[in-house]
Every structure is written in C-alpha cells, then in structure tokens.
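Asker: Starting from the known structure of chain B, arrange chains W, F and S on it as the hints suggest.
Residue numbers (the working numbering), protein chains in the order written: chain B, 1 to 356; chain W, 1001 to 1356; chain F, 2001 to 2356; chain S, 3001 to 3356.
A couple of the hints might just be wrong.
[Unchecked claim] Going by beta-carbon spacing under 7 Å, a handful of chain S positions derived as facing chain W:
{"hint": "1", "residue": "Gly-3078"}
{"hint": "2", "residue": "Ile-3206"}
{"hint": "3", "residue": "Asn-3354"}
{"hint": "4", "residue": "Ser-3356"}
[Claimed, not checked] Result set (BS3-like, lysine-lysine): computed pairs, CA atoms no more than 27 Å apart in a straight line:
{"hint": "5", "chain 1": "S", "residue 1": "Lys-3197", "chain 2": "S", "residue 2": "Lys-3304"}
{"hint": "6", "chain 1": "W", "residue 1": "Lys-1304", "chain 2": "W", "residue 2": "Lys-1197"}
{"hint": "7", "chain 1": "F", "residue 1": "Lys-2355", "chain 2": "B", "residue 2": "Lys-355"}
{"hint": "8", "chain 1": "F", "residue 1": "Lys-2304", "chain 2": "W", "residue 2": "Lys-1088"}
{"hint": "9", "chain 1": "F", "residue 1": "Lys-2197", "chain 2": "F", "residue 2": "Lys-2088"}
{"hint": "10", "chain 1": "B", "residue 1": "Lys-88", "chain 2": "B", "residue 2": "Lys-200"}
{"hint": "11", "chain 1": "B", "residue 1": "Lys-304", "chain 2": "B", "residue 2": "Lys-197"}
{"hint": "12", "chain 1": "B", "residue 1": "Lys-88", "chain 2": "S", "residue 2": "Lys-3088"}
{"hint": "13", "chain 1": "F", "residue 1": "Lys-2200", "chain 2": "F", "residue 2": "Lys-2304"}
{"hint": "14", "chain 1": "W", "residue 1": "Lys-1355", "chain 2": "S", "residue 2": "Lys-3355"}
{"hint": "15", "chain 1": "F", "residue 1": "Lys-2304", "chain 2": "F", "residue 2": "Lys-2194"}
{"hint": "16", "chain 1": "F", "residue 1": "Lys-2268", "chain 2": "F", "residue 2": "Lys-2088"}
[Unchecked claim] Listed next, with one range per pair, are the computed distances between beta-carbon atoms:
{"hint": "17", "chain 1": "W", "residue 1": "Arg-1073", "chain 2": "F", "residue 2": "Lys-2088", "range": "16 to 26 Å"}
{"hint": "18", "chain 1": "W", "residue 1": "Glu-1258", "chain 2": "B", "residue 2": "Gln-175", "range": "24 to 34 Å"}
{"hint": "19", "chain 1": "B", "residue 1": "Ile-265", "chain 2": "W", "residue 2": "Ala-1191", "range": "31 to 41 Å"}
{"hint": "20", "chain 1": "B", "residue 1": "Ile-265", "chain 2": "F", "residue 2": "Lys-2355", "range": "31 to 41 Å"}
{"hint": "21", "chain 1": "W", "residue 1": "Val-1271", "chain 2": "S", "residue 2": "Gly-3116", "range": "54 to 64 Å"}
{"hint": "22", "chain 1": "B", "residue 1": "Arg-352", "chain 2": "F", "residue 2": "Glu-2054", "range": "40 to 50 Å"}
{"hint": "23", "chain 1": "F", "residue 1": "Thr-2316", "chain 2": "S", "residue 2": "Ala-3191", "range": "44 to 54 Å"}
{"hint": "24", "chain 1": "S", "residue 1": "Glu-3213", "chain 2": "F", "residue 2": "Pro-2062", "range": "38 to 48 Å"}
Worth flagging that the hints you see were computed from the coordinates, not collected in a lab.
Since the model is a prediction, treat every value here as computed from it, not as a measurement.
For each residue, glycine too, the CB sits at the ideal point set by N, CA and C.
There are 4 protein chains.
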Amino acid sequence: MAGNTLGEAFRVTNWGESHGPAIGVVIDGCPAGLEVSTELIQQELNRRRPGQSEFTTARDEPDLVEIQSGIFRGVSDGTPIHLRILNKDHRSDDYNQITDIYRPSHAGYAYDVKYGRHNPFGGGRSSARLTAGTVAAGAIARRIIPSTAITAYVTRIKDVEANITDHVTEEDVEQSLVRCPDLVASERMMAIIKLAKENKDSVGGIIECVINEVQAGLGEPIYDKLEADLAKAMLDIPAVKGFEIGSGFAGTRLFGSEHNDPFVIDDKLVVTSTNNSGGIQGGISNGMPIKFRVAFKPTATIGKEQRTVDSLGVETTIAAAGRHDPCVLPRAVPIVEGYAACILADHALRSRMNKS
Amino acid sequence: MAGNTLGEAFRVTNWGESHGPAIGVVIDGCPAGLEVSTELIQQELNRRRPGQSEFTTARDEPDLVEIQSGIFRGVSDGTPIHLRILNKDHRSDDYNQITDIYRPSHAGYAYDVKYGRHNPFGGGRSSARLTAGTVAAGAIARRIIPSTAITAYVTRIKDVEANITDHVTEEDVEQSLVRCPDLVASERMMAIIKLAKENKDSVGGIIECVINEVQAGLGEPIYDKLEADLAKAMLDIPAVKGFEIGSGFAGTRLFGSEHNDPFVIDDKLVVTSTNNSGGIQGGISNGMPIKFRVAFKPTATIGKEQRTVDSLGVETTIAAAGRHDPCVLPRAVPIVEGYAACILADHALRSRMNKS
Amino acid sequence: MAGNTLGEAFRVTNWGESHGPAIGVVIDGCPAGLEVSTELIQQELNRRRPGQSEFTTARDEPDLVEIQSGIFRGVSDGTPIHLRILNKDHRSDDYNQITDIYRPSHAGYAYDVKYGRHNPFGGGRSSARLTAGTVAAGAIARRIIPSTAITAYVTRIKDVEANITDHVTEEDVEQSLVRCPDLVASERMMAIIKLAKENKDSVGGIIECVINEVQAGLGEPIYDKLEADLAKAMLDIPAVKGFEIGSGFAGTRLFGSEHNDPFVIDDKLVVTSTNNSGGIQGGISNGMPIKFRVAFKPTATIGKEQRTVDSLGVETTIAAAGRHDPCVLPRAVPIVEGYAACILADHALRSRMNKS
Amino acid sequence: MAGNTLGEAFRVTNWGESHGPAIGVVIDGCPAGLEVSTELIQQELNRRRPGQSEFTTARDEPDLVEIQSGIFRGVSDGTPIHLRILNKDHRSDDYNQITDIYRPSHAGYAYDVKYGRHNPFGGGRSSARLTAGTVAAGAIARRIIPSTAITAYVTRIKDVEANITDHVTEEDVEQSLVRCPDLVASERMMAIIKLAKENKDSVGGIIECVINEVQAGLGEPIYDKLEADLAKAMLDIPAVKGFEIGSGFAGTRLFGSEHNDPFVIDDKLVVTSTNNSGGIQGGISNGMPIKFRVAFKPTATIGKEQRTVDSLGVETTIAAAGRHDPCVLPRAVPIVEGYAACILADHALRSRMNKS
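In isolation and in its complexed conformation, chain B is listed as follows (with noise of 0.2 Å):
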C-alpha cells in the first residue's frame, strides 16, 4: 500500500533515507539453490556510485553492499536476502533550521503536503540514491535469468545523439566514461556535460535498454503486461519522464503495413523480420530482443540562483551549493539495468504458474 516494494514473485522491499545511518533492501522470493556473492552484487553498485569520474557528483560514497540474511555459504538458501547499504557521511543530526526553502522541480513540496508536517528532511527518501537497494537486487535478479543479457547505454545527452548500428556490450558501454558506445557522440556528450557543470546547469538525454535471449512467454495479459511493468520500474527511476518500446513514438507515423512484424521461419525457430513490437506481443514476450528508451530530465538541482517557496510560503531564491551529478545518465545506466532485471525476474518466476 505505501508503494516500497516491487515485484510479486520478486519482491524487493526498500527501506532508509539519505540523512539516515544506512539504506537497503529485503527481497523476498529468490529461490533456493542460487550462487550469490558480495562481490557480484558490489560490482553492479560499483557502477552506479557517486564519484566515478568528473561527469558524476564528487560525493564519496563507497557503497558497501553487506549481505545480512538469506545467502549461506554462497549459494541463496530460499530465505529473505537483506541487503544492507551505509551512508558514510549522511547529517540529520546537526539540522537545526526551522524553515527550509524547497529546491524546484524536487519532491520536498509534494512530501510535506503527503505526510501532513514539514521535514526538513523531506526528499531524503526521493534521493536517487534509493535506487542502489534495486540495483543490488537487480545483481540477483541476473541469476534467475542467467542467460539473459541486458545491456542498458546512453543514445542521446541533451542534443548530441549517439549513432548505434551494431550488437552492443557492456565492455563497449564501459569504454566511456558517460557510458555512451559511440565514442565519437562521447566525446562531445562529455563537452556538453562539462559546460553544464561550468554554468552551474544540468543536462539530461536518452538511455536505451536492450536485452537479448529472453524467454519467450513471460508478462501477463491484462494488468501486469510486460511492457507496463517495465515502463512502471522506468518511471520509478528518479527523473525519467518518458518511456517507449519498441518503434515507440515514432512507429505512431508508420502505416499499419509498415509497422507490423511479419512471422518468419529461422532455422525452425517463429521468429519476426523486424522488430517494431520490441520483443513484447500482447504484453507478453516474443522471444525477440526487447528494446525501449528512457527519457531523463536534467538533474533538478542546480547551482543556478532559481525562484522558489520557503516551508512557510514565502517567496525566496536558492542557489544549491555543493556536490551533485551535472548530467545523472552515466550513472543510470546500471540503474535503468537494475530495474529491467528486477522486472524479468519476477515475471520468470511468475511465468512457473502457467502450464499445469
């Protein structure tokens, strides 16, 4: 009811906030039998933590996952994984002001307004450091799927677009810094960001998602189709203000004969010549290679002098000092990963009711 877990097989419930001790997640519904190690799951937050290089926020945070219940001996023991992350310099105790001014375009306003009281602490729990807990579970999510490869990276930043034809992997998405294959559009994605960050602005862009030898028959046909829960776990990331699959907002141009996917017969496999659909058919996979695009907005604080509200209503400025991400797409990359895998995951298991 109060929307902190995710999944129905794969459940990941997430708890903390950013001025509190420490953050993390129970995921309820791994099966037994599954190797998982700290080291699996550090490398994917690894990714994902602040500080990797000038295109992030020099916070430094090294983002420990501890493994705390549910993993015996290295293999996954059928019980609750608590996964548990610490906050190395979060502060609630030394805030003593009254009012706060509310950063534009945050969630601090909205908070106050849900919950009925000021908190000074408001966007704590909308930090998008809340998003390494599912990131950590993606990490697991990867080994019920294990011959699933999802490789999320970076097309467009602001209006420097990538051109991506070919087949692309993580080590390709790896080699750059901003995460982008393309390392001609890299070059100028990081130009782009660095002027942001001189101007005390931001940047946002275009993250696309693709994922390869998925089963086919996994989503649910009316309410929990594939693509649904998949755009639900995008929109959850910190953000994105937009989600599309396959042909997406462009096949709304096509005609009905051009969009659609003819059936053909490959080395006795039903596969489809193109791929408008995006892998998913009825809200249930098709065997072919999913693919969608997520919208991110330019990060919300800035250090540009804005317009703005205080907690007693009146009207002020803010200029926000200190750390934070310039342009957050590198770093969602493993983020918009992370979710994906949760998503297969649960519908994988899910999928284990079909058949009598």
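Answerer: The following block gives chains W, F and S in isolation, referenced to the frame of chain B:
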C-alpha cells in the same frame, strides 16, 4: 500473480474473453456511500463501444453493463461491485479449424508459447474489447475523486498534428468524431483514416490526457510513484508503445535551469509558474495539472496481405477479413481516461493512510 | 485490502450478496491445461446446497454454476475463470421497512457500524450462502493437487461424539445424512438436531478434516505457515469459533517426550511414527496426513424469541420466522473441504518457486 | 508469495536467521506523525528475550533493537521503518558436519524437502527467535490503536489451570515469572516446569488474550475476517497448535438460544449482555472485548534421548544438548500480544477506506 487485477486499494479484477459469453470486472475496495448508477457507467461505455462512426469497427456490440452486486438502491454498500457486459455475437462453438494463422504483431503466438498449447482463440483475452471492464470501473473510480476532471483527446493521427492551446473540455472533445478538439486538424485526421481504410491499412497516433483539480499528495515515493502507475496503466492498453509526462522526451533537450518549475505563491497557494513536471514531483502529485501523452501504434489487424506463419510453424500469408478499427485512437480516448481514473482513485484511497 | 480475495497464487475473488441477482467468484492463477467441467464443480455445490434433507434449511436454491470464462472446450486456458451462481429467490425490491431488528450474534449491527450507514440487507454479504463460490473454486483447486485426498466429516454434534478409528472415505461420509461416518452416532446426531428444530433452537459441533497424500514442502516459514493459512480459511467460514491441528488443545497436556513425533524410515521414506504434528512442522508439510478440527457454534438464527435492539437503538425482541438450518455442520463438510482445497492449491503453486 | 510479510496496510516484512549476523523487520505503511522511540520497542523485546528467569532458556541475547529508518526525531515520517536486532552469539562459520540429525517435531526435515537441499541450519529460520521482529513491530502497531489495551496471560500449563475471574492488567501478569495472574496457580505452574526441566523434558499450555476498547467495525466480511486474521497470526507463532475465540470449542455444546449474545442498550450504547462471540460478529468487531485462547504444544527440543533419522536417511537417536526453554509460554505472552497488535493495527488502517 496472473496479472488480472489493477490497483491495491481500489482493486479491479478483470475476467472474460471475446469468444466467451460475457466479460466483466469485480471492483473490490469501493467505499460505501457513493452514488453509482447503471447510467453513469453506461455513458462511459458508450463512448468506447464499437460502431460509433465510420472511423471505428462496424462490429455491433451494445456493451450494456449489468450491475450484479455491491450497489444497493443506487448507493455503494462497501462490498465488491461486479459489472458484467454480455458478448452479443461471440462464436466459440462454430470454430473447427485445427491450424491457425498467427496475425502479425498480435498476441496469439506469444500466448501459445506462454500457456504451452495452441488455443485457436488465444488472442481473445488480448482483444481491446477487454478494456471495457476497466472503462466501466473508471466510471465508478471517478466518484471517489469527484472534483477531479480527467480529459483525454487525440493530438496526432499519423502525421496530422492538432494545435491545442486552450483548456479542453469533454464537450470540446465530443464535438469531433475522432475526438480531437482542434476541428480543423480533426477533418484532416478523418481523411487520413479514411484513406487507410480504403487501402486496407491502419494508422496510429498520440492521445494527450490532462487531469485538473488533483489533490496534492497522491503517489508513493519509491516503487509506486504516481507517474509510474499511470505509465503502467497506459502501457496496459492494447497498442500503446510509449508514455511521457510533463516535458517528456522533448524536455531532455533543455538545460536544468530551463526545465525546473519555479515555486511561486498564487493567491496564498504554493503553485509552480511552469509545469514541466506534469503535476508530479518525486512520484507525488503537487496539485498542478497532471499532463501526459500516450503513443498508439497503427492497428495490427489489417486487410492487406502480410507474411506470417501458422500454428504448425509453416510460412504463409494472411489478409484479415471483416471488421476492425482502421485507427483505435477515437475509441481509446475514454479508455485512457478510464484507466487513469482507476489509478487516481486507487491513490486517493491509499492517501488516507498517510497521516496518523 | 477489502478482504474479498483468498490466496496469492490461486486467487479467488468473491462477489455477490444473498439479496442480489447472483453470486460468484473469479479465480485468477489457475494454470492452463487442467480439465474442468461444470459437472465437476456442480457435484461439490450439490453437497453444499440447501434443501438436501430435513436437517438442513428448506429454502430451495438449485445453486447451478455457470462457467463464464477461462475454460475452453473443457480445459483451463490460463485466464481468469469466472463462476456465477444465480440467486433463485432473492427479494431486494420488496423491502420497505425503515427500521430493522438486529438478530443476536449476527453481522448486521457490526456491518452498519463498519460502513457508516444502515443497510437493511447488511447481513446479506455475511450469509453462509457466500461460501458457495469458494466451494466451487475448491472443485477446481483439487485439479491442481490431483493426487491429494481431502476428506472432512462430522465428529461431534452438541454432546454426541462419533467414534472414528479407521480411514474415512467420501463414500463413508455420504452414507450419513449428517455426514458422520460413525452411523450409530449419526442416528443420535439426527435425533438431537430434530429436537433442536422442534424447539425452534439450534446446535453446533465439530468437523474433522484429513488430507492424505499431501506433497511435502508446502507452506512458508514465517507468516504464511500452512497451518496458519488453513486456520485462517476455517475461521473465514461463518459460525466457526475454533481450529486445532494435530494434537491441538489436548496436546498441551502432554510432556514433550510424549508429544514429539519420532522420525523413522518406512520403505526407504522418512515418515514419523506418530503424527501429533498433524502433518505440518515449522509451517511446512512433511508428507504425513494433515489433520485438523473445526468448531462450529450453534446456528445464530433461531425461531425462539430473543432479546435484542433495532437499528434505531430501541430494545425489542425477535423470533426468526421461516427457513434456516437447525445445524450447519452437515452442509459445512463440503465447505471445509473446499476452503482447504483452495489453500493447498495455492501453496502447491507457490512451491514451484522454492528452487532454482 | 514467499510468506515473509504480515499484513496489507501495516506490512511487516521479516528477514534473518538465527545463525546469521542479525534479524529484523521492515514496516511499510506506518502513518506519519506517530511518536516512536527505541525504548518503546525495547520494552516489549525485553519481555520476550531469553534468560529472564530459570523458566526460560539460559541463552543470553540482549535483543537490543536499532531503528535504522523511518523515524525522525522520535516521530514516524511515513517511510519504511527498519528495525534490526543483532544476533550476539551466532555461529555459522564453525559448522563443519556433513550429516545432521533431524530433531523430532522440528522444521529441519520439512525445510530440506521444500528447498531441495540439505541446509545444516535449516531450522534457523524457523526458530522462535524470529518472532522478535514481530514483537518489535507490535510495539509500533500499538501506537496506531492507542486506546486499545491488549493483555495476554497464561491460563494453563500442562494440567495446571488458573482461575481468572477479574479483569487482568499487564501489571497483574508481570507479577508472575510464568506470566499467570493467578498467583496460586502460578506457583504450581513453576513447579511443573521445574520438574519437566529436571527430567530433560518440556511442557505446553494455553495463553488467553483479551483486547479491550477495540473500535467497532474492524475486519473484512468474507476472507479477511478479523478472527481469521487473528487465528492465522497465532498459528504463525512457533509451537501453536490451536486457536479458539469467544465460546470456542466449548460453545459447540450449547443450544443456539444459550449461545446467542442478546443486544442491549447500556448507557445509550449498543452492547451485548453476554460475549460468546468474543467481540467479533460476521468477521467484524462489534466493540465488545475480543477474547481468544491459544494452545502451545510442549517445546520440541528436549534433553531426553529420542528416536529420529539423519539427513542421509539413517535411523539414529538424538538428545539435545544445551540451552532451551522447558516451557515457551512465559515468553510467548508478549509474542501473542505483539502479533495481535499487528493484526489490529492493520485492520484499523484498512477501516479508513470503508466509507466515502
């Protein structure tokens, strides 16, 4: 688990197939004391039902709703509300083919893989007809949020874009057979749909939805963000390939300083002077209008001959005979509204638990 | 949230009131490929329906089930199964009293407080008639656990106790009009029920249920223990005031050394030489027979005059006219079995996720 | 699905094993604005913790709770509350046996079958230690229903029955080391526990729980009846074999005319002159005291030698060494209260949705 229930507090469970005798929904969680009549529900169903004009399928289904429980003398009594809609001309018994031809970009193939067996009416559950139940539920959902106005309309069909600058009312929308309040564009939209129909082809487009007078504080912070639940609901509608809220994909081209919505005081209320956020910040409504756009692909069922395979895995061709919508958007307008109403009612009920 | 759904994987959503046109259930999560017929379901409903003998209410309801979705040519297709049962002689329209008299130990008063308004048919949802849907669902649930035998029977009516030492079959049970396999006790039970009926009074008693050939490993460790879900299901049956499993209340008088069930090897299988555990240890079935007992209070509706208050809060008396069961236990036997079948099927499906 | 969450609105998700570093719960759905302190929670944990007297296990676990999220300056902020309790002397690393001996009437064997592999600490999740998290959650649950008084106490140990006629307070209960307010019976209970301990044996008994000042209208009509959820919660407590409410099993011996609770007016309020219903009618609280009884079997772990098999399926014997409770009831009193508090808080929150 099997994905036939929408919502957590206002729960809509959907049953039925287009080849069976009837379809319906059970609504669990509707508070006692709301005035609900058959007329109220029928009005929304009439906007969705087939056969409204030459721009929709000719199939004649009156879609008359029967209230079978939960309403006593015109008032909800707090128990489950069962709404049933008969299928006037279903035909499950006269079907004797052993082999079937999979329609391109339809659910039939994916269903067969999912459920492990060939069902000649496999796509029957994936029919857009199944949205009728949610539309009916949406009519009741609106009673839970009586002061909120939900208005959807067509903004683009294929390449024909409407020019919409003013506040749009339901009356504006209903003036147009294609439900586009820009009557000039509306004429051109009708022309392109007619052309597609003549060519045994189909077209898609975009629907925009604006929700005014939304209570601030709806939505949950982490995994059930209001925009995430709206995205999921929209992607649950057949033929939808994309969703964007507020500035959406276009907003990714702005600097943060351009994109952020300044808070200002207007008549003693906190509002924002722009609304790139689309009425939701950090997953929670902030009281500004919620505004989102939904991409619909061109209808998959077309009369043109297309390549495909049959259920035995043999390559063949298909040219769909009979009745189908050359463009789903006019009928999808009340569907978008109905799904959105269910999500808002669900979150309105959930918000009753926010405070002690 | 509003409590009209039973189960997590095999989900039964219940709608309808005894004063409305029909009642029913939607079963979501039934795997595809199970043979299900109207006859299969009707057979269980016939055992529960009123008017079977002089020991049950004279009200005549044929309780004919209609399958409205989810079954195609006698086989489940993986989509929701909607089962509907018409109310033959409901009478909501001819009711014009403004004040009502609350029947002692009925739900009417509590309903009015809960929903904040007086509903003259307030108890209509609490009628034991509403168990019909679960019994119907139970008939399908049994197909999910085909080798498991669920057999309930009456062991005591008021002070008349049966002597049951052997394995009991459904045939043994059905030989007795009061569903007690000890035919000597059965005669005396019928006598005490007749006496109660003549005195415009009612009696209660105990039903025992034995479940053989249960798959080991069903049940979840902490909050969804198998015995806990069975207890909940039984207490959901109207008139039930107690539940005990295995040694139950009597077992509290033993020493641990007397109560513990030694593990032994029998034909290469691990079994226990006693079964005080009742087939469940630590919340999980161990393969031994599950055995539990359910206490039913005497029927609340009686013809004798009783003190009470009316819906305006004025003290008065009531003597229920008309048809009611002087003892619910004979008809409750298939109800106990049906609810138990739903719980077992739910856990059987859930157990598919235990292992990688 | 995996059964580690209790409740729908007040959701308690439980993680940890007795052989791991810690255990804990995440509470999702606690409204903002409640005063919650470590002391409040610790007080309940202290009543449950081991080592309180010679009648409980000698194992020394301080069971200190840490609040890790959701509470800001002593007040709940509406976000998940994570409570963690360290395991002081867990020992997972020094375990090197390959074969294990299954303890009779323990969960170990059933766990191994369920999860498909032998886990030497298989019973670790089934330990009564895992109830600590629910007790901690119960302390917070009580803040949601502040005027409700939940009082449990021992009424029988083996054959020693207490004589309790008056209203019992927590002070009455805490006067007795075995938590029986009848101090004469209490002495005899201590004697029988001592005897069992000397004989390396164990005893069980019955706990009664009375809940005063319950809001009328809690509970859902069909599948989440209040008594059903209480029964389920009680059967989730390790060693529980039975539950009865109001007149319970004894009430089955009465005529309906004796059993029914007449409604009367008392000081302008509707009450019942007897309370065989135990405060709940038709699944919904009626404002009268809720009264139920819970049967606990004798502790399964005993020092006496018993027959059993090992994890390779070889017959052997076992005599449990070390520390264990010869009788769980004294420590189970706060556990019964804690579980009941969670259920009541859950239904209190859910009741906010009853009316429009």
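Asker: Need the list of violated hint numbers for this structure, in ascending order.
Answerer: Numbers 2, 8 and 16, in rising order.
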